Amino acid sequence: MIPAAFAYSRPTTVEEALQAIADGGDDVKVLAGGQSLIPVMRLRLAAPEVVVDLTRVEGLRGVREEGDQLVVGAMTTHADVLTDPLLAQYAQLLVQATETVADRQVRRRGTFGGALAHADPAGDLPAVALALDAEFVIAGPAGRRTVPASEFFVDYLTTALEEGELLVEIRLPKLAAADGWGVRYEKFTRVAQAWSIVAVAAAVRREGGRITEARIGLTNMGPTPLRASATEAALVGVDVSLETVTAAAAQAAEGTSPSNDLNAQADYRQHLAQVLTRRALAAAAGL
Amino acid sequence: MTQINVRVDGESYTDDVEPRTLLVHYLREQLGKVGTVVGCDTSNCGACTVHLDGQAVKSCTVLAVQADGSQVTTIEGVAEEGIGGALHPVQRAFHEMHGLQCGFCTPGMIMASIDLLKENPDPSETEVREGIEGNLCRCTGYQNIVKAVQHAAAEMRGQAPGDPDASPAAVDTAAAEHVVAQS
Ligand SMILES: Cc1cc2nc3c(=O)[nH]c(=O)nc-3n(C[C@H](O)[C@H](O)[C@H](O)COP(=O)(O)OP(=O)(O)OC[C@H]3O[C@@H](n4cnc5c(N)ncnc54)[C@H](O)[C@@H]3O)c2cc1C
Ligand code: FES
Ligand code: FES
Numbered sequence: 001m002i003p004a005a006f007a008y009s010r011p012t013t014v015e016e017a018l019q020a021i022a023d024g025g026d027d028v029k030v031l032a033g034g035q036s037l038i039p040v041m042r043l044r045l046a047a048p049e050v051v052v053d054l055t056r057v058e059g060l061r062g063v064r065e066e067g068d069q070l071v072v073g074a075m076t077t078h079a080d081v082l083t084d085p086l087l088a089q090y091a092q093l094l095v096q097a098t099e100t101v102a103d104r105q106v107r108r109r110g111t112f113g114g115a116l117a118h119a120d121p122a123g124d125l126p127a128v129a130l131a132l133d134a135e136f137v138i139a140g141p142a143g144r145r146t147v148p149a150s151e152f153f154v155d156y157l158t159t160a161l162e163e164g165e166l167l168v169e170i171r172l173p174k175l176a177a178a179d180g181w182g183v184r185y186e187k188f189t190r191v192a193q194a195w196s197i198v199a200v201a202a203a204v205r206r207e208g209g210r211i212t213e214a215r216i217g218l219t220n221m222g223p224t225p226l227r228a229s230a231t232e233a234a235l236v237g238v239d240v241s242l243e244t245v246t247a248a249a250a251q252a253a254e255g256t257s258p259s260n261d262l263n264a265q266a267d268y269r270q271h272l273a274q275v276l277t278r279r280a281l282a283a284a285a286g287l
Numbered sequence: 001m002t003q004i005n006v007r008v009d010g011e012s013y014t015d016d017v018e019p020r021t022l023l024v025h026y027l028r029e030q031l032g033k034v035g036t037v038v039g040c041d042t043s044n045c046g047a048c049t050v051h052l053d054g055q056a057v058k059s060c061t062v063l064a065v066q067a068d069g070s071q072v073t074t075i076e077g078v079a080e081e082g083i084g085g086a087l088h089p090v091q092r093a094f095h096e097m098h099g100l101q102c103g104f105c106t107p108g109m110i111m112a113s114i115d116l117l118k119e120n121p122d123p124s125e126t127e128v129r130e131g132i133e134g135n136l137c138r139c140t141g142y143q144n145i146v147k148a149v150q151h152a153a154a155e156m157r158g159q160a161p162g163d164p165d166a167s168p169a170a171v172d173t174a175a176a177e178h179v180v181a182q183s
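Here the protein sequences come in this chain order: A and B. Terminal number for the first sequence in the working numbering: 287, no gaps in between. Terminal number for the second sequence in the working numbering: 183, no gaps in between.
Just so you know, these hints were derived from the structure itself, not from any lab. Predicted model, so just to flag it, every value in this text is computed and none were measured. Among these hints, one or two may not hold up.
[Claimed, not checked] Subject to a maximum C-alpha distance of 20 Å in a straight line, what follows is the list of computed EDC-like cross-link-like pairs (lysine to aspartate or glutamate):
1) A:Lys174 / A:Glu135
2) B:Lys118 / B:Glu76
3) A:Lys29 / A:Glu207
4) B:Lys118 / A:Asp84
5) B:Lys33 / B:Asp68
6) B:Lys118 / A:Glu99
7) A:Lys174 / A:Glu207
8) A:Lys174 / A:Asp120
9) A:Lys29 / B:Glu133
10) B:Lys33 / B:Glu18
11) B:Lys118 / B:Glu133
12) B:Lys118 / A:Glu163
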């Protein structure tokens, strides 16, 4: 099928894009990589009247360093993420998760910002953004605002983005191996090209044989990505060992309410969350 | 209608398209480039893979208007120019290694494989399988596709494909032992 007819605009600056969205009326959709939006439009599950294409907006693509943060443009593609030297040095967790997203063709077009704005519970990148306490820079008619990851993901396919707003950049902390950080994205799927049934994004900081900090994001354990807070708390100050990591991972599903669907039942997802958390932590801690 | 300028397989075109026209439909229906096929409605199968500015993309998941000002290469543009022009090494390898049965997935498989080999000229079996994970084949079981890609890789690196493993997998079902025994 082909999409229903729409009017198309291709702005070249953020200001023009915001204007095009404002002029577009009630039924406007922003097009980033199109790897979620175009399939949905082909199936006529969405039929916007106006499509504002961001692919030629200057300055939304690429990664830069600002003090102790990395700033990733919303239109940075998954393929860009995999080859960026700054991300390779300071954001291995994002790189590892992005490697598991879709396939080479989809990664060429799909964007980091698009995947976050889409907020699919099975999407791999929201849990990474949450685990890293990313900050979301949003531009709107009234200027820019910054929203923490803990407030960005509101519900199933729903974010803090209001009508008329654009996600422009994502700020990530630098987690360097030299500072003791180890990371792992552990994803469970049945076949190569598939969304996560459950996945775990883990970052662990070690100092002198002990864990000083752990950050764990869970993919597809509820309508939004979640932090495994009980496990994170249980890890602070413990010795780096398989026993401590295994004991902490047993709490990974606490407070989660995953869905039942054709891929898995909720109790199986909770089981997976514990197993994958143990594996991710062990790998991140270098065990 | 929106006007676009594109170069497809080395020729320049200026055309009016509806914004909702998918690149694959523009290629097939307006330019008659029916070598690129559509195999699904969900962006999963990869049969429609073409190169957009040198990179493999699923042409069912790109709007024709988005290709404005770009270069597109389809399966029809990878062989040497002209009738009787030499096939691309990857095309030849799919032929020689029996990398196809019905052939529907083949244009996309070849375009994805060429893209993979540009990035990784000597992929392991696993790397080939991962490299073409966006392309589904419902006939071959992938075995000979993987061999074809590795065979082409060796040729493109300028090595004679001397690997003893580099022959089509011996799965001639008609002659399989249990079949023969039954007849
Ligand atoms: C076959 C296939 C397999 C896939 N597998 C996976 C997978 O395993 N894991 C995974 O995580 N993802 C997967 N994806 C999805 C992929 O990651 C998409 O790239 C992503 O979900 C959407 O990004 P996009 O840039 O293509 O956004 P689009 O499709 O262009 O947009 C998605 C939504 O976000 C909105 N939006 C986009 N950018 C902005 C912005 N800057 N500001 C405001 N709103 C915006 C759009 O309006 C739209 O509603 C898969 C996709 C396909 C086709
Ligand atoms: S036609 Fe199936 S991915 Fe394009
Ligand atoms: S040869 Fe028939 S789908 Fe691949």
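ask   = Taking each numbered hint in turn, which are not upheld by the structure, reported in ascending numerical order?
value = 3, 8, 9, 12
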